[in-house]
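There are 2 protein chains.
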Amino acid sequence: HHMIYFMGIDPGLNKTGVGIVGWNGGKLSYAGHALVKSNAKATFIDRLGSIISGVQAELGKYELHSAAVEDVFYSVNAKSALLLGQTRGAILATLIAAKLPAVCEFTALQIKQAVVGYGKAEKEQVRKMVELHLNIEMGTKLPMDISDALACAICLAQNQTSRAY
Amino acid sequence: HHMIYFMGIDPGLNKTGVGIVGWNGGKLSYAGHALVKSNAKATFIDRLGSIISGVQAELGKYELHSAAVEDVFYSVNAKSALLLGQTRGAILATLIAAKLPAVCEFTALQIKQAVVGYGKAEKEQVRKMVELHLNIEMGTKLPMDISDALACAICLAQNQTSRAY
Chain A
1 HHMIYFMGID PGLNKTGVGI VGWNGGKLSY AGHALVKSNA KATFIDRLGS
51 IISGVQAELG KYELHSAAVE DVFYSVNAKS ALLLGQTRGA ILATLIAAKL
101 PAVCEFTALQ IKQAVVGYGK AEKEQVRKMV ELHLNIEMGT KLPMDISDAL
151 ACAICLAQNQ TSRAY
Chain B
1 HHMIYFMGID PGLNKTGVGI VGWNGGKLSY AGHALVKSNA KATFIDRLGS
51 IISGVQAELG KYELHSAAVE DVFYSVNAKS ALLLGQTRGA ILATLIAAKL
101 PAVCEFTALQ IKQAVVGYGK AEKEQVRKMV ELHLNIEMGT KLPMDISDAL
151 ACAICLAQNQ TSRAY
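Protein sequence lines, in the order shown, are assigned to chains A and B.
As numbered in this note's numbering, residues 1 to 165 make up the first sequence, in order.
As numbered in this note's numbering, residues 1 to 165 make up the second sequence, in order.
Hints are computed from structural coordinates only; laboratory data are not their basis.
Possibly wrong hints are sitting among the right ones.
[What the hints assert, rightly or not] Heads up, simulated DMTMM-like pairs for lysine to aspartate or glutamate below, C-alpha to C-alpha not over 20 Å straight-line:
#, chain 1, residue 1, chain 2, residue 2
1, B, LYS15, B, GLU124
2, B, LYS120, B, GLU131
3, B, LYS27, B, GLU131
4, A, LYS141, A, GLU122
5, B, LYS37, B, GLU63
6, B, LYS79, A, GLU105
7, A, LYS120, A, GLU63
8, A, LYS41, A, GLU122
9, A, LYS141, A, GLU131
10, A, LYS41, B, ASP46
11, A, LYS141, A, GLU124
12, B, LYS15, B, ASP46
13, B, LYS99, B, GLU58
14, B, LYS99, A, GLU131
15, A, LYS37, A, GLU58
16, A, LYS123, A, GLU137
17, A, LYS120, A, GLU137
18, B, LYS79, A, ASP71
19, A, LYS79, B, ASP71
20, A, LYS99, A, GLU122
21, A, LYS27, A, GLU137
22, A, LYS79, B, GLU105
23, B, LYS41, A, GLU105
24, A, LYS99, B, ASP46
Because the structure is a prediction, the values reported are computed rather than measured.
The task is simple: from the sequences and hints, build the whole structure.
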């Protein structure tokens, strides 16, 4: 088996977490991550542009099987929902434009269920299980946005590969 | 003067209005429009894909000076804000990816102020003024989504051209 790659994305206008896992037919492994930031002082269009460029740069590094973006159902209010929604839409458009074989969405509940086996797991539990799945030990050096993105990638890999790993 | 083109977009997941106006250095004219729809029974990703493809098709038809998307501040609730936000973000990402010289945003208030001279104008007034600006007579055959998109294009043209027309 050769290695195939899955990308998970935790979207946000301030910072977007990108995590990539590899799958060689037998088990999952850590492949890479990026924390894509935008300058809070820039215009909204320029901030979206920064997030898009950062995601595109990561897309170019791997021969991806597919990518998934964490779904968001709730938000503090309509204004923050609009900002987060636009960021997520811009990221989805970037993945669609890259003509990946598949672009998926998973809710936080689905991701936690896949990674921890429990849909209401705390973020810290998710981080520990991500490390166990990928056989890495970064502890608190693994930012939550990256941990969440890697969890999304693991969920995608489980979803797309027919056999459990 | 040769003709230069401005695109205005009224974003929506069900239907997105696209309007294009031409400017020859002396006055504005109607150049084209499209009502881009998505299939309500398709997945959200496929629906975004339809909107993106439709906007890309229009981008390919004109040598655009710039494009603008109507801003949205309010929404019925956070859920609809997330859907509208994602659609708007996907459209902005498509314009940014097309490497247009400028991608802009205008609020409904700015657009109405530019087209009608009154920020709280009714949609019907906007439609009539759009027809007057562009010297067209379509009456009720001009859908509101297109009228709003053309109004956004007129606002953009006024904003980007130094002289009043």
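How the hints compare with the structure:
1. LYS15(B) / GLU124(B): Since the Cα atoms of LYS15(B) and GLU124(B) sit roughly 19 Å apart, the hinted pair holds (cutoff 20 Å).
2. LYS120(B) / GLU131(B): Since the Cα atoms of LYS120(B) and GLU131(B) sit roughly 18 Å apart, the hinted pair holds (cutoff 20 Å).
3. LYS27(B) / GLU131(B): 14 Å, holds
4. LYS141(A) / GLU122(A): It holds: about 17 Å lies between the C-alpha atoms, which stays within 20 Å.
5. LYS37(B) / GLU63(B): Not OK: LYS37(B) and GLU63(B) at ~23 Å, beyond 20 Å, violated.
6. LYS79(B) / GLU105(A): 16 Å, holds
7. LYS120(A) / GLU63(A): With a Cα-Cα distance of about 32 Å, the restraint between LYS120(A) and GLU63(A) is violated, given a limit of 20 Å.
8. LYS41(A) / GLU122(A): Not satisfied, since the Cα-Cα distance of roughly 32 Å exceeds 20 Å.
9. LYS141(A) / GLU131(A): Distance ~12 Å between LYS141(A) and GLU131(A) Cα, so the pair holds.
10. LYS41(A) / ASP46(B): Violated: LYS41(A) and ASP46(B) sit about 33 Å apart, past 20 Å.
11. LYS141(A) / GLU124(A): 12 Å, holds
12. LYS15(B) / ASP46(B): With Cα atoms ~14 Å apart, LYS15(B) and ASP46(B) stay inside 20 Å; holds.
13. LYS99(B) / GLU58(B): 14 Å, holds
14. LYS99(B) / GLU131(A): Violated. LYS99(B) to GLU131(A) sits at ~39 Å, over the 20 Å cutoff.
15. LYS37(A) / GLU58(A): Holds. LYS37(A) to GLU58(A) sits at ~13 Å (cutoff 20 Å).
16. LYS123(A) / GLU137(A): Distance ~16 Å between LYS123(A) and GLU137(A) Cα, so the pair holds.
17. LYS120(A) / GLU137(A): 23 Å, violated
18. LYS79(B) / ASP71(A): With Cα atoms ~12 Å apart, LYS79(B) and ASP71(A) stay inside 20 Å; holds.
19. LYS79(A) / ASP71(B): OK: LYS79(A) and ASP71(B) at ~12 Å, within 20 Å.
20. LYS99(A) / GLU122(A): At roughly 34 Å apart (the allowed maximum being 20 Å), GLU122(A) and LYS99(A) break the hint.
21. LYS27(A) / GLU137(A): 17 Å, holds
22. LYS79(A) / GLU105(B): 16 Å, holds
23. LYS41(B) / GLU105(A): 17 Å, holds
24. LYS99(A) / ASP46(B): 12 Å, holds
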